[in-house]
Structures are given as structure tokens and as C-alpha cells.
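All chains, please: the whole structure from these sequences, using the hints.
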Amino acid sequence: MSQTITRSEIRHGIGSSPTRPDGAAKAAGEYAFSSDLFPDEALFGVTLRSPHQHARIISIDTSKALAIAGVFAVVTADDVPGKATYGLIASDQPVFASDVVRYIGEPVAAVAAIDEETSRRACAAIVVVYEPLEPLVDAELACQEGAASIHPDGNIIRHQHVLHGDPTVKGDVVVEHEYVIGMQDQAFLGLEAAVAFPDEDGGGVDCHVATQWLHEDRAQVAACLGLAEESVRLTLGGVGGAFGGREDISLQVHVCLLALTCGKPVRMHYDRVESFLGHVHRHPAKIWMRHHATSDGRLVNIEARFLFDGGAYASTSSAVLVNAVTHTQGPYQCPNAVVEGIVVRTNNLPCGAMRGFGVVQACFAHEQQMDRLAEKCGLSPLELRRRNAMHTGDTLVTGQVVESVAPVTECIDNLAALPMPGSTVGTHSYLLPGGAGNTTRSDNVHRGVGWAFAIKNLMYSEGFDDFSSARCRLEDGRITLKFATAEVGQGFITIAAQIARTVLGIEAVDLDTIDTNVGSAGSTSASRQTWMSGGAVDAVCRVVRERIFEHHAAASGCNPLALAVEGTDLVDTTTSERTPIEEVVRGLTIDEEVVYRHRATVHLDERGQGNCHTAFAFVGHRAVVDVDVELGLVRVVEIATAQDVGRALNPLSVTGQIEGGIAQGLGLALMEEIIQEDGRIKNPSFTDYLIPTIADMPPVVAHLIEIPDPQAPLGAKGVGEPPTISSTPAIIAAINDAIVNATGSTQKIHRVPVRPLDIVEAAYGGTAD
Amino acid sequence: MNDDRDFMLTVNGTTVEIRGAAPGASLLSVLREHLGLTGAKGACEEGECGSCSVLVDDSLVCSCLVLAASAVHAHVTTIEGLTQSRDVQAAFVECGAVQCGFCTPGLIVAATDFLAQTSDPDPDDIREALAGNLCRCTGYGRIIEAVVSVARERRGAAT
Ligand code: FES
Ligand code: FES
Numbered sequence: 010m011s012q013t014i015t016r017s018e019i020r021h022g023i024g025s026s027p028t029r030p031d032g033a034a035k036a037a038g039e040y041a042f043s044s045d046l047f048p049d050e051a052l053f054g055v056t057l058r059s060p061h062q063h064a065r066i067i068s069i070d071t072s073k074a075l076a077i078a079g080v081f082a083v084v085t086a087d088d089v090p091g092k093a094t095y096g097l098i099a100s101d102q103p104v105f106a107s108d109v110v111r112y113i114g115e116p117v118a119a120v121a122a123i124d125e126e127t128s129r130r131a132c133a134a135i136v137v138v139y140e141p142l143e144p145l146v147d148a149e150l151a152c153q154e155g156a157a158s159i160h161p162d163g164n165i166i167r168h169q170h171v172l173h174g175d176p177t178v179k180g181d182v183v184v185e186h187e188y189v190i191g192m193q194d195q196a197f198l199g200l201e202a203a204v205a206f207p208d209e210d211g212g213g214v215d216c217h218v219a220t221q222w223l224h225e226d227r228a229q230v231a232a233c234l235g236l237a238e239e240s241v242r243l244t245l246g247g248v249g250g251a252f253g254g255r256e257d258i259s260l261q262v263h264v265c266l267l268a269l270t271c272g273k274p275v276r277m278h279y280d281r282v283e284s285f286l287g288h289v290h291r292h293p294a295k296i297w298m299r300h301h302a303t304s305d306g307r308l309v310n311i312e313a314r315f316l317f318d319g320g321a322y323a324s325t326s327s328a329v330l331v332n333a334v335t336h337t338q339g340p341y342q343c344p345n346a347v348v349e350g351i352v353v354r355t356n357n358l359p360c361g362a363m364r365g366f367g368v369v370q371a372c373f374a375h376e377q378q379m380d381r382l383a384e385k386c387g388l389s390p391l392e393l394r395r396r397n398a399m400h401t402g403d404t405l406v407t408g409q410v411v412e413s414v415a416p417v418t419e420c421i422d423n424l425a426a427l428p429m430p431g432s433t434v435g436t437h438s439y440l441l442p443g444g445a446g447n448t449t450r451s452d453n454v455h456r457g458v459g460w461a462f463a464i465k466n467l468m469y470s471e472g473f474d475d476f477s478s479a480r481c482r483l484e485d486g487r488i489t490l491k492f493a494t495a496e497v498g499q500g501f502i503t504i505a506a507q508i509a510r511t512v513l514g515i516e517a518v519d520l521d522t523i524d525t526n527v528g529s530a531g532s533t534s535a536s537r538q539t540w541m542s543g544g545a546v547d548a549v550c551r552v553v554r555e556r557i558f559e560h561h562a563a564a565s566g567c568n569p570l571a572l573a574v575e576g577t578d579l580v581d582t583t584t585s586e587r588t589p590i591e592e593v594v595r596g597l598t599i600d601e602e603v604v605y606r607h608r609a610t611v612h613l614d615e616r617g618q619g620n621c622h623t624a625f626a627f628v629g630h631r632a633v634v635d636v637d638v639e640l641g642l643v644r645v646v647e648i649a650t651a652q653d654v655g656r657a658l659n660p661l662s663v664t665g666q667i668e669g670g671i672a673q674g675l676g677l678a679l680m681e682e683i684i685q686e687d688g689r690i691k692n693p694s695f696t697d698y699l700i701p702t703i704a705d706m707p708p709v710v711a712h713l714i715e716i717p718d719p720q721a722p723l724g725a726k727g728v729g730e731p732p733t734i735s736s737t738p739a740i741i742a743a744i745n746d747a748i749v750n751a752t753g754s755t756q757k758i759h760r761v762p763v764r765p766l767d768i769v770e771a772a773y774g775g776t777a778d
Numbered sequence: 016m017n018d019d020r021d022f023m024l025t026v027n028g029t030t031v032e033i034r035g036a037a038p039g040a041s042l043l044s045v046l047r048e049h050l051g052l053t054g055a056k057g058a059c060e061e062g063e064c065g066s067c068s069v070l071v072d073d074s075l076v077c078s079c080l081v082l083a084a085s086a087v088h089a090h091v092t093t094i095e096g097l098t099q100s101r102d103v104q105a106a107f108v109e110c111g112a113v114q115c116g117f118c119t120p121g122l123i124v125a126a127t128d129f130l131a132q133t134s135d136p137d138p139d140d141i142r143e144a145l146a147g148n149l150c151r152c153t154g155y156g157r158i159i160e161a162v163v164s165v166a167r168e169r170r171g172a173a174t
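Sequences listed follow chains B and R, in order.
Residue 222 in this note's numbering sits at position 213 of the first sequence; the count goes up by one each step and never skips.
Residue 120 in this note's numbering sits at position 105 of the second sequence; the count goes up by one each step and never skips.
Read the hints as simulated data drawn from the structure, not as lab findings.
We treat Cβ as the ideally placed atom computed from N, Cα and C, and that holds for glycine.
Be careful, since some hints might not be right.
[Claimed, not checked] Taking beta-carbon pairs under 8 Å as the criterion, some of the chain B residues facing chain R (in silico): (1) A33; (2) P569; (3) I671.
[What the hints assert, rightly or not] Calculated Cβ distances over 12 Å to all of chain R for the following chain B residues: (4) R281; (5) D305; (6) M429; (7) V458; (8) G486; (9) E516; (10) P589; (11) V604; (12) G674; (13) P717.
[What the hints assert, rightly or not] Sample of chain R residues facing chain B (criterion: CB under 7 Å; computed from the structure): (14) C59; (15) E63; (16) I94; (17) D102; (18) Q104; (19) F107; (20) G111; (21) V113; (22) G116; (23) T119; (24) P120; (25) F129; (26) L145; (27) C152; (28) Y155; (29) G156.
As C-alpha cells, this is what we get:
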């Protein structure tokens, strides 16, 4: 029955912060992560890994392992029925090494046995004879002409220049330096784990796995197993964080191959040590930059060279490098640039995606450069940045015009206007640098403030056909959404339901299993799922809404084009007549699937020119630190941020991404580094690889800049990566400031993570600068 | 058939027999693999992350560091049996303290233990108390918020 009534509101729609649909189960300990799956009769799979950095495999003898009671299968490269290699961009990584091993930890064989202990014993009984080869460990050597090649594809994974404008332009003021970024680990808490169930006839396999991209895993697994893609069915196992570290294959092929070989379900589960070996890391990098500016601080040219160590296999290295070189200028205007970027293979751990994807490294360098430039021009760090701030319509050094909303000036002004936090000296003792041990005397503590800003591309670049699919079913007055978007903790499942509620005016939204029984959603990475899968859910719900309008128009004789959803009502905009949607959809069943694509991008040309990116987000951070410069100890007192989010679909989730991302940026600034010695990780544990604890994390003051982006399906930009990017250089800038305040030294930190000795040397002279 | 390695454990108020556990098995692995209580998680298995937090005779421990067989005379309480954590669980969800959720059960056990000892913690007390529980997703801000809100609610209810 139609009636004219007051406006209705939809609960838990876009812009509100409903709780996560999986929240209660997670809090109660009832949510099943992929490591919580213990199917009856499942065997346990274990990987044998190379102890050598670079060696030829002479022979592999599995007979002793196979003779152990309880062992069902031992598989090596010889047992891989399909393609011998996999990889996200180039297929260059062997499922198991057959002739040569290229890093310590490379898989050589895998075993399935009745339990973990038996599997481990069997692994130890496999006899592999190696002939050690000279390892290539130095990225600089790897790219030299005549360097011994460690892979059939050569050492250089990608060499990309960006040449823009007149590269010979000189500035009145010139600053240059080299910066070093250490290898960071994603350190998700939920370790790699999967369970595979073979079909009875051995013709296919079901795999439950914690991943970022089900369909890409499926394509790679199917190729290696020699199966059709339809015969490999993947379901998302509960994912305990990802941050880029689950974009590549780790145990997927191994577990499926073991299950098919044994004809029994097999589960695999890495421990922390193996996790450090089993996934890619953030590229360690060496970046040299020379900035040219006018005497009043306007950038006129940037020269730069990036050298990234990709480790033994390519993973996403080439895309990481492109992100780095195309973000050389940061969120600033610059008419000229001459940039060279190289990413090489070495016999170190393979590197690939981690939150920020190449831009973390670039931003650390360009922001330290901007501080040096400000100092040399006699300007404050914020004033220098204000003079150079990028705006919508500016041209990047790739020749691409920034069409995204670009509120860089707003980010700067917002942070400039914030009050400073008070002194913490004399409150909790552990708030001092060095913590509760009272290591620091409070009169040695000096405060510093630093700022940093970033631009980050959103979604996939360089001509990649980037799309996401979503299905929406209306039945019995309820909506069911189905998509393959990997929920890794970020909260896509929450906003998907919010979008459906707002578009359709129906509160009852159910979420179907996340698996490969629907089109690909692409990867949960590149800050892309809010835009891409959010766009797909929005689009499919709009299609369903059209169908509802047609249905209502047919029944009531009104014009379907005049109908709109407002709150939980369907409104005829010509008469203002309202009908509750639940009445309209009674008895109606609609089922639609839609694929959403962002606009096309192109590959960079030889000169690094081209519209290679889709869209951009911007962010700024202000860090306040207390530093004991004698001991080189740092306490971060507060991080403030202004972030361009477009539109906050779920403000609480946005806050969670901001705070969590900043924690990872703080980790890179102060403590997180995988240290390799002769290719062996010296610190593959949470005892020695430190990630920030609750005691390390200061309060975060977050200001969201909400200017809906007209290009974005919902006006919303991705928010996951920006917090991780400029938080790191802001902290280092603050440490530099504290050093000046303490000793007057203007020497600066130029590597992350910063070590106590770096601070002491910068403060008291030495080799830090 | 009884093996002399079999032993009894009292978990969440129920005494059960553990058969065939590997010698030296941790309490964490026995809880998870023998009893199917997967609320306690393992992220480091060396006492650094707190994902495996449980109570043994009301003391907060990392179950990965406790020998299962050494807990025979004790009462073990896991997230599944920690009824006094209901409001803590609800607050974690409400406040946005749960993302991937892998750290969450351990943090809730630790926070519940802490809140039993403290009625009016400030954020810095919470930082000090929960420093043994790592979370890689949230940056901890919402976790502090959740703990503060439980303390506030409980004080309100007590007056
Ligand atoms: S698993 Fe026990 S402390 Fe990490
Ligand atoms: S919510 Fe993912 S580790 Fe804490």
C-alpha cells in the first residue's frame, strides 16, 4: 500500500560505522582461520628448503624419507605435472628447484605424512647433494655489465627511465643525498596455512587458503598442476592479515600437489621462521636524489637513481619499481626530471608486494630531500612544501595529468594548524625513550617535530586489465552478495553490506562464501578494493535496483525513470509518493552479476612517459618524538595525520586503516628490518624481528579530508596504503629535528630503520651524513 | 589402552583425558589439536606475541610456553570458557578493535585479566599491561578505546 509518509532512514548504510559481520565470532575465538582447519584424516605437509644461497642440485634421494612409516608422499620438481614455474608477473619461480637453488629457503621438496612430526622427520631424511656456487648478494654488482647471471632470464628484472622536460636544468639551490631502506616484513600474525581436498577421481582439488587473490592463485596453481582452472576450486580460509605478503604463491601449489598425489586431504601450516622464508618482502633499496630549486624554493628539476634488490625471483618487482620511479617527485610540482630505476635479481630473499609498494621507498627519499632543501633555502619544512604543493590538473614527471582530487595544500594546512602535544617527561617512566627500564635520564631527552607528505597511486597500473566482479541476489526481501574479494581484515565485507543497504534500501544483507564460484575480484592490494570491489557491489546493486524499479512501475503504472530509493522507501519523484521497499520486493527474486573496470592505463614508454596510473590519493603526517641523543633512543610521542580519503564509507574502518598503517610506518622507521648475512636471515622470529607493540605506538590524531572523488564509484579513495608511506619519513624528520635541538648538529639520518648508533653519530659528528 | 604418557587436563571446567600427545607438547598445541579449542592462536610460539594467551589457575600465560603435561593439576581457561570476557568481546567489536582478528582472542584474555585487577586504567596503564600482545593490523588505538570503554561501563554498573 502506497502512502505519503515522512522520510525513512536506512540503518548501517554508507557513512555509518556498523560493526564487522565477523567481529563477534573473531572476538569469541570461534572464527576459523586457515590454520584452524583440522579436517579428519588430513595429512600434514612440510616443505624441504634449500640451506644454500646459490648451489647446483646434484641429486635428490627421497628413498629414506619414503621408507618412514606414516609417510604418504615425497614430491620434488619431477612430480610437478604441469608448468614447472609460477609468478605474478613473470613466471620465473620454480615450484621446486630442480637444477639450481637461488636463495636460502627455496623449496626443494615436500612431504605429506600422518602428522607433523613424521613429516618433519621425513623431510630431514631426504638427501640432497648440492654443489655450492658463488652467490650474488650485492644489487650494485648484479646490474653491472658482465656480472654472472643467476637466472635464465638474467639479473635485471626491470630497468626504467623517466625523462621529462629539460633534464639539464640546474637550480640555484641543489641538495643531494643517498638513502637506504632496509628489508621489511609484512609480519602478519596469522601464518601461512591451507588445506587441500582432492577430488575422488584425482581430477581436481578444493583448497582453503589464506590469500589476497583467489583467482590469480587458482590460475597459477592450475597451470602448475596441469589442470583446467575450473578443476581447481579455491575458498578463502580465514586470513590473519596480509599487507602484500599473500599476493604471491607460497604453499598453494605444494599443498594441492600433495593432496592429489596422496588422494587424501593435506594441510600445511608454516611456523614463524618458515613464514619469513616463504613469502616475499619489501624491497631493500638504495636511492640517490638530487633536487634543484630556485632560491625561493621552487622545484625545477629532480635527478634520481633507484636500485632495488628483488632477490632471487621476480614476483611483482617490475611493478614495484615503476611505482617508485613514477612517484619520485612526491606530491609536488616539478617540471623536469631525469630518473633511472633498476631492480635486479640477487641470491637474497625474493621481494615483492608490501603495503605502499615501491612508494614507501621513494617517499622516504623525496621527503628527506625536501627537508634538506627547506633548510638550504631558509624556509620552514611546511612552507617549502606549500610552495610546491601539487594540485588537480598538474602534470606528473610521467606526463600524466593528475585528474584525482589532490588536496595537498589542505593536508599541509591541517597539520600546520594542530596544537603540539605536551611533555611526557616525568609521567610514566616507560614513556621515555628506551622504555620502562629507566635507561634514559629525562634531562637528556630532546623533542623533535617532523612532517612528511605522500602521493600514492590507487589500483593496478600500466595497462593491467583491472576488474572486479560482484553478484547480488534479491530473494524473500533479503539481499545476498557474492564476491571473491579477499577479506584480510581490512573490512571490505562490512562496507559491501553498507553499500548494498544504501543503494537498495534493504537492511537485510547476507554475504555468501568468498570463493572462486564467481568472477575474479582482483587482489586485495594497491588500496584498490574499496574502489574496485566497492564499485562492483555498487554497480550490481544498481542493476538490481533498476529491476526493482521496472517491477514497481509495471505494477503501479508509474514511470520507472522517476523512481528513486530514499532510506528504506521507494519514492516516485514526480508525486513524492513513497512505498516501503520491503513491500515492493515482496515475492520478487532478482539475481545479477556485474564486472566493474577502472579506466584503461598504458605501459610506460622508454622515456617513462604515459598515463600509467589510474588515480591518486594524498596524505601528510606530523611526528613528534622524544630522543635521547646520547643513547640513540627514540620515543614517538604522537603522530598526527591528514589524509585524503575521498569519502569515508565507514569512518571507524578508515580510522583502523590509518592507525594500523601508521604502526607499520613506525616499525620501518625505528625497528623493522630483516637482516641477512650471507643470505641467511639472522632474525627470523618475533624475538629478533621487532614489530611495534602497544607500548611503542603513540596516540594518533587523524583528520580525514573528505572531498568525494568524481572518478571513484562511491567518491571513496582507497585508504590502506597512504598511512604507511609518509609516517616513516615524518618520524625520521622529527628525529633530525631533535638532533638539532640537542646538539645543534644538522647531520641527518639517511637510512631506515634508524639504529641507535646512527642517531648518536648524527648528533655528535661521525659518518651519519 | 592406556599409555603412561596420557594425562588429564581441566579446561574450561571440564576434565578431559589427553591421549597420544607428543612428549613436550605445548599447552597451546594440545588445546588446539587435541581438544579442538582453536581460540588460542600461535603466531610465534616463543612467548612474544600473546596470541596464545590463556589463564592457568587464573594467571595469564602464553600457552605456547607451557608444557601441557605440567598443567595437569591446574585449571585452564581459554577464550572459549572465559565467560567474564563477554563485555570485553563486545567492546572490541563495537570499538573497531578487531580487524583480521588473529590477535583478538589473546588480547581479550589479557585485557580481561587486566580489567579484573584495575577498574580505572588510563591509556598508558593499558599500554603497559598489554605490551605482551602484538597486533599487526590495528595500530592498537581502537584496542585502547575498547579497554577504556569496558572499564567505564563496569564502573557505571558498579555504582
Ligand atoms: S604463540 Fe605464544 S606468545 Fe606467540
Ligand atoms: S587484528 Fe590483525 S593482528 Fe590484530
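Comparing the hints with the structure gives:
With a cut of 8 Å, the hint placing B/A33 at the interface with chain R holds, because the nearest CB-to-CB distance is about 6 Å. Interface hint status for B/P569: violated, as the beta-carbon distance to the closest one in chain R is roughly 39 Å, over 8 Å. Of the supplied interface hints, the one on B/I671 holds, with its beta-carbon coming within about 6 Å of a beta-carbon of chain R, less than 8 Å. With a closest Cβ-Cβ approach of about 5 Å to chain R, B/R281 is found to fall inside the 12 Å limit, against its non-interface label.
Even its closest Cβ contact with chain R, about 38 Å, leaves B/D305 beyond 12 Å, as expected for a residue assigned away from the interface. Every beta carbon of chain R lies more than 12 Å from that of B/M429, the smallest distance being close to 18 Å; the non-interface claim holds. Look at B/V458: its CB is around 20 Å from the nearest CB on chain R, clear of 12 Å, so calling it non-interface holds up. Listed as outside the interface, B/G486 is consistent with that label: its C-beta sits roughly 26 Å from the nearest C-beta of chain R, beyond the 12 Å cut-off.
Against the 12 Å criterion, B/E516 stays outside the reach of chain R, whose nearest CB is about 19 Å from its own CB. Against the 12 Å criterion, B/P589 stays outside the reach of chain R, whose nearest CB is about 29 Å from its own CB. Non-interface call for B/V604 relative to chain R: holds, since the shortest CB-CB distance, roughly 27 Å, exceeds 12 Å. The Cβ of B/G674 sits about 10 Å from the closest Cβ of chain R, inside the 12 Å cut-off, so the non-interface label is violated.
Remark: the non-interface label on B/P717 is consistent with the geometry, its nearest Cβ contact in chain R lying 23 Å away (cut-off 12 Å). With 7 Å as the threshold, the beta carbon of R/C59 comes within range of chain B, its nearest partner Cβ sitting at about 4 Å, so the hint holds. Among the interface hints, the one on R/E63 holds; its C-beta lies about 4 Å from the nearest C-beta in chain B, closer than the 7 Å criterion. Interface hint status for R/I94: upheld, as the beta-carbon distance to the closest one in chain B is roughly 4 Å, under 7 Å.
Hint status for R/D102 relative to chain B: violated, with the closest Cβ pair at about 11 Å, above 7 Å. Hint on R/Q104 holds. Least Cβ distance to chain B is approximately 4 Å, under the 7 Å limit. For R/F107, the shortest C-beta to C-beta distance to chain B is roughly 5 Å, which falls under 7 Å, so the interface hint holds. Checking R/G111 against chain B by beta carbon gives a least distance of about 4 Å; that is within 7 Å, so the hint holds.
Here the hint on R/V113 is kept, as its CB sits about 5 Å from the closest CB of chain B, short of 7 Å. With 7 Å as the threshold, the beta carbon of R/G116 comes within range of chain B, its nearest partner Cβ sitting at about 3 Å, so the hint holds. Below 7 Å, beta-carbon pairs count as interface contacts, and R/T119 has one with chain B at about 5 Å; its hint therefore holds. Interface hint status for R/P120: upheld, as the beta-carbon distance to the closest one in chain B is roughly 4 Å, under 7 Å.
Interface restraint check for R/F129: the shortest CB-CB distance to chain B comes to about 11 Å, outside 7 Å, so the restraint is violated. Annotation: interface hint on R/L145 holds; nearest CB of chain B at approximately 5 Å, less than 7 Å. The beta carbon of R/C152 comes within 5 Å of a beta carbon in chain B, closer than 7 Å, and the hint placing it at the interface holds. The restraint placing R/Y155 at the interface with chain B holds, with a minimum CB-CB distance near 4 Å, inside the 7 Å limit.
At a threshold of 7 Å, the smallest CB-CB gap from R/G156 to chain B is about 4 Å, leaving the interface hint in force.
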